[in-house]
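4 protein chains.
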Amino acid sequence: MSDAPAPQLTHDPERRREIAHLGPIELYTPVLEQSRDFFVRVMGLREVHRDEQSIYLHTWDDYQSWTIRLVQREHAGMGRTYLRAASPQARERLIETIEATGLGLGRVTDVRGLGEVYLFTDPDGHEMGLYWDVEWYQADDEDRPALKNQAAAYPGRGANLRRLDHVNFLTADVPGTSAFLRDVLGARCTEQIVKDDHVTPAAIWYSVGNKSYDLVYTEDWTGTRGRLHHVAFATDTREEILRAADVCLEAGVHIETGPHKHAIQQTFFLYVWEPGGNRIEICNAGARLILAPDWKTISWTKEERAKGQAWGLKTIDTFHTHGTPVLPANL
Amino acid sequence: MSDAPAPQLTHDPERRREIAHLGPIELYTPVLEQSRDFFVRVMGLREVHRDEQSIYLHTWDDYQSWTIRLVQREHAGMGRTYLRAASPQARERLIETIEATGLGLGRVTDVRGLGEVYLFTDPDGHEMGLYWDVEWYQADDEDRPALKNQAAAYPGRGANLRRLDHVNFLTADVPGTSAFLRDVLGARCTEQIVKDDHVTPAAIWYSVGNKSYDLVYTEDWTGTRGRLHHVAFATDTREEILRAADVCLEAGVHIETGPHKHAIQQTFFLYVWEPGGNRIEICNAGARLILAPDWKTISWTKEERAKGQAWGLKTIDTFHTHGTPVLPANL
Amino acid sequence: MSDAPAPQLTHDPERRREIAHLGPIELYTPVLEQSRDFFVRVMGLREVHRDEQSIYLHTWDDYQSWTIRLVQREHAGMGRTYLRAASPQARERLIETIEATGLGLGRVTDVRGLGEVYLFTDPDGHEMGLYWDVEWYQADDEDRPALKNQAAAYPGRGANLRRLDHVNFLTADVPGTSAFLRDVLGARCTEQIVKDDHVTPAAIWYSVGNKSYDLVYTEDWTGTRGRLHHVAFATDTREEILRAADVCLEAGVHIETGPHKHAIQQTFFLYVWEPGGNRIEICNAGARLILAPDWKTISWTKEERAKGQAWGLKTIDTFHTHGTPVLPANL
Amino acid sequence: MSDAPAPQLTHDPERRREIAHLGPIELYTPVLEQSRDFFVRVMGLREVHRDEQSIYLHTWDDYQSWTIRLVQREHAGMGRTYLRAASPQARERLIETIEATGLGLGRVTDVRGLGEVYLFTDPDGHEMGLYWDVEWYQADDEDRPALKNQAAAYPGRGANLRRLDHVNFLTADVPGTSAFLRDVLGARCTEQIVKDDHVTPAAIWYSVGNKSYDLVYTEDWTGTRGRLHHVAFATDTREEILRAADVCLEAGVHIETGPHKHAIQQTFFLYVWEPGGNRIEICNAGARLILAPDWKTISWTKEERAKGQAWGLKTIDTFHTHGTPVLPANL
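Residue numbers (the UniProt record's numbering), protein chains in the order written: chain A, 1 to 331; chain B, 1 to 331; chain C, 1 to 331; chain D, 1 to 331.
There could be a bad hint or two in this list.
[To be verified] For lysine to aspartate or glutamate, the following DMTMM-like pairs were computed, each having C-alpha atoms within a straight-line distance of at most 25 angstroms:
no.: 1; chain 1: A; residue 1: 148; chain 2: B; residue 2: 246
no.: 2; chain 1: D; residue 1: 296; chain 2: A; residue 2: 142
no.: 3; chain 1: B; residue 1: 296; chain 2: C; residue 2: 99
[What the hints assert, rightly or not] FRET-style restraints, in silico, Cβ to Cβ:
no.: 4; chain 1: C; residue 1: 15; chain 2: B; residue 2: 199; range: 35 to 43 angstroms
no.: 5; chain 1: C; residue 1: 109; chain 2: B; residue 2: 14; range: 19 to 27 angstroms
no.: 6; chain 1: D; residue 1: 321; chain 2: A; residue 2: 115; range: 22 to 30 angstroms
no.: 7; chain 1: C; residue 1: 140; chain 2: D; residue 2: 75; range: 31 to 39 angstroms
no.: 8; chain 1: A; residue 1: 14; chain 2: B; residue 2: 144; range: 54 to 62 angstroms
no.: 9; chain 1: A; residue 1: 304; chain 2: D; residue 2: 74; range: 45 to 53 angstroms
no.: 10; chain 1: C; residue 1: 254; chain 2: A; residue 2: 34; range: 19 to 27 angstroms
no.: 11; chain 1: D; residue 1: 306; chain 2: A; residue 2: 306; range: 53 to 61 angstroms
no.: 12; chain 1: D; residue 1: 200; chain 2: B; residue 2: 306; range: 53 to 61 angstroms
no.: 13; chain 1: C; residue 1: 314; chain 2: A; residue 2: 198; range: 27 to 35 angstroms
no.: 14; chain 1: C; residue 1: 308; chain 2: A; residue 2: 140; range: 37 to 45 angstroms
no.: 15; chain 1: C; residue 1: 314; chain 2: A; residue 2: 305; range: 17 to 25 angstroms
no.: 16; chain 1: D; residue 1: 320; chain 2: B; residue 2: 144; range: 51 to 59 angstroms
No lab work stands behind these hints: they were computed from the structure.
As the structure is a computational prediction, the values presented were derived from the model and not from experiment.
All C-beta atoms, glycine included, are put in the ideal place defined by N, C-alpha and C.
The shape of chain A in the complex, shown without the other chains (with noise of 0.2 angstroms):
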């Protein structure tokens, strides 16, 4: 074995950086009521839609139309994960470069608040769509906000999620999903996990913008393709979420970990089971940004993680087994 570190993820400063952020997102879940409930009751969401089989949510701060839709189906999971592009032209420059990867799905017009959007898979199978035109939020008489640079009024209910943050997948295939985030979506890579030859990435932390990461693929050790580790929402405060573990507490929901916090991107975090059965992170994002636009991406060893989480908490055995899976919408 190799003494050698890790070779840096480099990227060009001068690619443009054709996605905007990530957003929304769907969800599926075998009790769409009570996952309902966990989102708007426990975490502060808003129902702001709902159809026969799905009910669309909002968290305060997204100044979009809605954030996530639950869907109801037989298994909990992931459906498709929406990202807006920079700007109506970046959308046709990435649909072109995705398209020749063969990775294209085609486009659609019926996704509620969003206009056209281009669907494709990455190489792992999860469903992704880009689109531009996007309907922005409109508060109501219920939540108009009293600051009218926000999108809707704090909730001051439960764990007040603030807005989405990240999604981590898991992946049959690290290397190859890098590759393509990468290479067809330009994004830039910050973090990542190294196996033994510190060199193959197990898992890696990919950013869009100033976030320190947007999308996050970490390895299934199953060998399961496309399924999904979990969904993260942000508050700002480390206190926030310490008070969403009573929160959670008090109405009996499933902690699997936390609070704590990350070694990897120093992300304080709490894990917790929605009742469908995906798992869903809470988070503190935003302090920290990464502002370097030639930041070096930073390796993380085996014997480095062994160390345990930043303030020494072993990983429980959960964490690296439980996932759910990522399906397409026409199932």
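Following the hints, put chains B, C and D in place on chain A, whose structure we already have.
Below, chains B, C and D alone, put in the same frame as chain A:
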């Protein structure tokens, strides 16, 4: 004018502490349902009972069956302040002492959740009730706490007020009420504001246990007897008071001043007016405890107060003028 | 095995509270200067005096002249725990009661900053000292506080520990020490862990005032007498304990477990080992006060503890095995 | 006067973001060592270099080799504001655009830790420097961080300022500087204050990335050109700003106003004056991010500002009058 420091308000540490704590209390409001909505929806209390003219509310960390009773009246103001004796015998000893002052009003047995209550007034006319027997809070299915060392579930709603903290009365006679608190009730003066003679108290902070204060009397500049300055409720941290300010902003509650930190007692405060017109303080009590049994009263002069609050905020005008009457229940 | 709940550890509310508070204390360390560095540089205490074999340290909110004395010894451990009586007369009454038990060791007058100290041990052999007269802390130019109701300036250094909070002893005889605390010292048991018979205490939390506990005794699984589990210091908020964890991480301090929240007493905790080997807890005491004079002891069973700490963290092994001896000063 | 809303300051989302971030900056002070002491001892920065007339300081989360340079001058004020380009090519494109305005001053290579710097002024005369090459911060034994994704160890000292956040200039010509920021530098106006005509900007907040603002210009009521209103540094949370207020109180630092929350940008703020006379803001930036690539500029009217800050605090007089000059380096 003498340069001599204010004399110590000495107390005898050997004297028994006969009062266990403050509360519950009664508040009057001309808009009962609006005041109820403020306390339940914005402040996080729970309605536990209502009768024809009043509503009983409970804070989640109060071991007693109710914390405040809102009473429909023509004008805002305060009703009775109840004090729990430290033991049944302590209550009888206190009654004897109060009787000797001529301020006693007799015993009643019709107060919800309390056993026999001995009524009296302080020298300025604020009505009080002394009791020992009390009904403990029984959580039901809706607010059963996850941890059995807690009275009710953490509500996760609005300002999440934890418990009643203190009452601040206006009085036309600070020296007289000070003598009553010290000599009759046996409370201990932890801090005071003194006049230009450096001797005469203009405001007094009295404690009955380890909390740094429970009862406060401030000189009423209008010369009126028997008014209320504010009732205060505790949260755990300063951060929660900042959040309470956001919650009040969203709910359209009138924020009078704060959040800021008093130099006196170092209380981190937020003052709002409930819909009925009573001033309510949200404060972080608890972190600062008075453990010394021979604590030396801290005296603040006019010059020291001219510096503003701890971080320099100037006290606003209404803080010196706005008050609501404390009226006998049988008015 | 009976299903009956654990019997209430009743106390008589009329019984006087003869002890005002815990502290100061003595800690032994084989690496005096390293332990001093930990407490001063990382924890934020101040060195106020040193002699040939020991260093006296002060926490900024302690009204007394010192908070802990670090003593150079071959092995880590604890020396005397000092308790301040509630009044001079209370001290004499307590001495008489202790003398009757045969655990008295006599009076000494050579303790820095304290007047006459009456020495005794609890039934398990931990040495204690009871005093009334005490020297108050005199801030000098370097740590004069901006607000005169504070002992010393807020240091703005490391974990900024505010004051001593409690001592947790290991004991070979929980029932015996429990009877001593209750019957001899007059403290009140606020919570306990009971064995499978639901009666025999395995750990006890005793309070002398409104703090929910001051002295804790936990069964020593090794059967050794007279050991220390940990000494705890208070900060104001949970956020400060998270920051303390970061400060300890940067300083290379061994973090044993936490930050997390105990179900018992709801203490938010961080356990670290100071360089000498003693376990130190950083906790947020204060927010939760016991105001009921007739508080009913909360009993936790083995089954309840098997759920882990409040948010599910499993207790780590060293927490049950690591302890340091409490040794008489004249050893 | 028209009732028409302020026109949107539109920008083209397709236009490249050519500036990566703000900083480092230069501050002038007539009392160099006192200003250094303020930043190091009270604010938690680290001295990393000094030469005959200046001292270089570093905030712990800055990836660059220094964050501010304090320069000894007869009067307080600001020197250069450096801006890092998003790529080497972006820098050349920007230089070309600036040259065309006639505001260019030429290229220099003598700035510590930076490669070639292109100097220019904004239309109001504030001197700026555009660079790409930069020396990364190298932690030494004294401030090596425990986690390798962090520039330097968390200091655990004073206010623990994390990084430079923004600069707020006074200007005699808001519309002119606004046009320069938008048309020449390609920044995006996220919020503004408009005059009674609801069109003319009186203050503007411009962003270069996902932070909600980086450069602010406020109308100088004195009509003077080229002055500084304040320089702002970020902490993570509001709680840390409250603690910073306590730290400043203990250190005798002049607190001008706060802590409180601006309605504009929702910044939680504390304004203090460093010993040299420059106004310094401590703010919690980061939680609120602008993720929408087509964010619509928020316009605040005079009436809206008359309500005071977010929770009602009235703006104090000195906030409108106190400023310090921005002077060319070669004066």
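- Task: Could you check the hint for me, namely that residue 320 (chain D) and residue 144 (chain B) are 51 to 59 angstroms apart, CB to CB?
- Result: 54 angstroms, holds
- Are residue 254 (chain C) and residue 34 (chain A) spaced within 19 to 27 angstroms by their CB atoms? 43 angstroms, violated
- Query: Falls inside 17 to 25 angstroms, the C-beta gap from residue 314 (chain C) to residue 305 (chain A)?
  - Reply: 20 angstroms, holds
- Look at the Cβ atoms of residue 304 (chain A) and residue 74 (chain D) and judge whether their distance stays inside 45 to 53 angstroms. Since the Cβ atoms of residue 304 (chain A) and residue 74 (chain D) sit about 51 angstroms apart, the hinted range of 45 to 53 angstroms holds.
- Query: Taking only the CA atoms, is the gap from residue 148 (chain A) to residue 246 (chain B) under or equal to 25 angstroms?
  - Reply: 14 angstroms, holds
- Query: When you take the CB atoms of residue 140 (chain C) and residue 75 (chain D), is the distance between them in 31 to 39 angstroms?
  - Reply: For residue 75 (chain D) against residue 140 (chain C), whose Cβ atoms are near 36 angstroms apart, the range 31 to 39 angstroms holds.
- Item | Whether the CB-CB distance between residue 15 (chain C) and residue 199 (chain B) falls inside 35 to 43 angstroms | 38 angstroms, holds
- Satisfaction of the hinted span 54 to 62 angstroms by the C-beta atoms belonging to residue 14 (chain A) and residue 144 (chain B): Distance hint for residue 14 (chain A), residue 144 (chain B) holds at roughly 60 angstroms.
- Item | Distance restraint hint 53 to 61 angstroms, applied to the beta-carbon atoms of residue 200 (chain D) and residue 306 (chain B) | Since the Cβ atoms of residue 200 (chain D) and residue 306 (chain B) sit about 40 angstroms apart, the hinted range of 53 to 61 angstroms is violated.
- Item | Given pair status - residue 99 (chain C), residue 296 (chain B), alpha carbons within 25 angstroms | 32 angstroms, violated
- Task: Return holds or violated for the Cβ distance of residue 109 (chain C) and residue 14 (chain B) against the range 19 to 27 angstroms.
- Result: Roughly 22 angstroms apart at Cβ, these two residues keep to the hinted range, so it holds.
- Message: A range of 27 to 35 angstroms was offered for this pair. Does it hold for the Cβ distance of residue 314 (chain C) and residue 198 (chain A)?
- Response: 32 angstroms, holds
The structure is inconsistent with the numbered hints 3, 6, 10, 12, although it conforms to all the rest.
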